[in-house]
Each structure stands twice: as C-alpha cells, then as structure tokens.
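Student: One line per chain: the protein sequences are F and X, in this order. Take any residue in the first sequence, count from 1 to its spot, add 17: that is its number in my numbering. Take any residue in the second sequence, count from 1 to its spot, add 48: that is its number in my numbering.
Think of the hints as simulated: they come from the structure by calculation, not from any bench. As the structure is a prediction and not an experimental result, all values here were calculated from the model. Just so you know, even glycine gets a beta-carbon here, dropped at the ideal spot from N, CA and C. Certain hints may be false.
To be verified - Which stretches of chain X does chain F cover? Using the computed rule of at least three CB atoms under 8 angstroms from a CB of chain F, they are:
id : region
1  : 51-64
2  : 72-86
3  : 163-173
One letter stands for each residue in the lines below.
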Amino acid sequence: MNDRIRHVIDQHAKLAISADSLGDQDDLYKAGMTSHASVGLMLGLEGEFDVEFPDRMLTRAVFQSVASIAAALSELAEGDLAA
Amino acid sequence: MGVRIGMDLVDIGEVREAYLTFGERYVERIAQPVERAWCLSRGGIEPAQVAMLFAGKEAVAKVLAPAEGDALPFSQIVLKAQAGVVDVHLEGEAAELAHRRGVTSVTVSVACAGESAVATALARTSNPTAGNR
Numbered sequence: 018m019n020d021r022i023r024h025v026i027d028q029h030a031k032l033a034i035s036a037d038s039l040g041d042q043d044d045l046y047k048a049g050m051t052s053h054a055s056v057g058l059m060l061g062l063e064g065e066f067d068v069e070f071p072d073r074m075l076t077r078a079v080f081q082s083v084a085s086i087a088a089a090l091s092e093l094a095e096g097d098l099a100a
Numbered sequence: 049m050g051v052r053i054g055m056d057l058v059d060i061g062e063v064r065e066a067y068l069t070f071g072e073r074y075v076e077r078i079a080q081p082v083e084r085a086w087c088l089s090r091g092g093i094e095p096a097q098v099a100m101l102f103a104g105k106e107a108v109a110k111v112l113a114p115a116e117g118d119a120l121p122f123s124q125i126v127l128k129a130q131a132g133v134v135d136v137h138l139e140g141e142a143a144e145l146a147h148r149r150g151v152t153s154v155t156v157s158v159a160c161a162g163e164s165a166v167a168t169a170l171a172r173t174s175n176p177t178a179g180n181r
C-alpha cells in the first residue's frame, strides 16, 4: 500500500523531492506540501484507492505522512468490510 | 477583545491544473452550492474564482488555528460575497472550533492578480490573549 501512496504523493503533493526519499513517518508539510496540494493529494488517494474521506478525516494529521495516510486508508477499508 | 489575522496565497495555475485533473469533484470539495452559484453569476467556475475561494477559506482556517487532529472541512467555511463584502458563515466543526478559540466574528477580503489569489481574514475574539499562535 505504501508504494501506491508514494506514487500518488509524487503525482499530486507537488513536492520538490521524490516520495521514495521520504520515510513512512516523514512530515509531508515540512517537505513542502501546501494546503492546496493536500486537497489534490486527498482526491488522488480517493481515486487510487476507490474511497472517500469523510469530513471527520479532513485533518492535517491524516495527510501528514505516508504512515498516517496508510492508517486512514486501512480504517476506511475496515469500515467498508464492516458495512 | 482580541484579534487574529490569517493570510493565504494560492497559485491560480495549480487550481487550474487541479480542476483539469479532478473536474467537478475538486470544486465540490471546496465550494458550497451558494459559492458555486456566486462563481456562475460571474461568468462560470473559473480557476481565478476558485483560487480566491480557496485562499479565503484557508485564511479563515488559519485564524481558527486547528490542532493537527481537528477536522476542518472547507465545506463548513462558507464565504458569501455581496456588494464587495465577503461574509463568513461557519458550520459544524468550524463553528465549534471558532467557539473553542473564542472567535466571535470573522471577516475576509480576497483579491487576485495575474496568477495569484490572496486573502486576509480578520477574527475578533472574546479573549484578549487569543492572538495568533
């Protein structure tokens, strides 16, 4: 999953560096992601993983790192399975 | 009484690119129907208008100063432009956050030129020490 997340980051987060050079816990905002780019990242993740982030997940913390995004996607997937 | 100031700058080219990539889904996550109607009344949903909306909402978000775990959907920050004045209406978590921060009112000013849109938000707070962090 983390490789797919990194691919979406490369496409939409508008970082000056490749996501491959970031650790799972590295802060994407500190790496240069703007608030507008985070919206693009969110929409890109929704398309890649066929999910929709609910309002309660629209926090800075969710989109802060590869690890936090993976955790949010796992939570959404678990919700789909439970539904 | 205290005040907080928030400011944001948006690259219109990035908005144009996002609109081309994600289409209406992008606009729907940023703009409420009343805001889209405002865009349409000014000739259509153009990147410069969406960029001003985004900058205005981000400026408001900055005066609300959410913690990393605070949800702050842009759909809950509603900008209503009338006769050159932009009123700010906060809903849901945004209204709750404003209450927690002691924010009693928010006004915002937006503008664009060339490839940039800019916005400044001014919040009045009931707490004189609740300035920008």
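Student: Each hint: holds or not?
Tutor: Here is what the structure says about each hint:
no.: 1; hint: 51-64; in the structure: holds (count 5)
no.: 2; hint: 72-86; in the structure: holds (count 4)
no.: 3; hint: 163-173; in the structure: violated (count 0)
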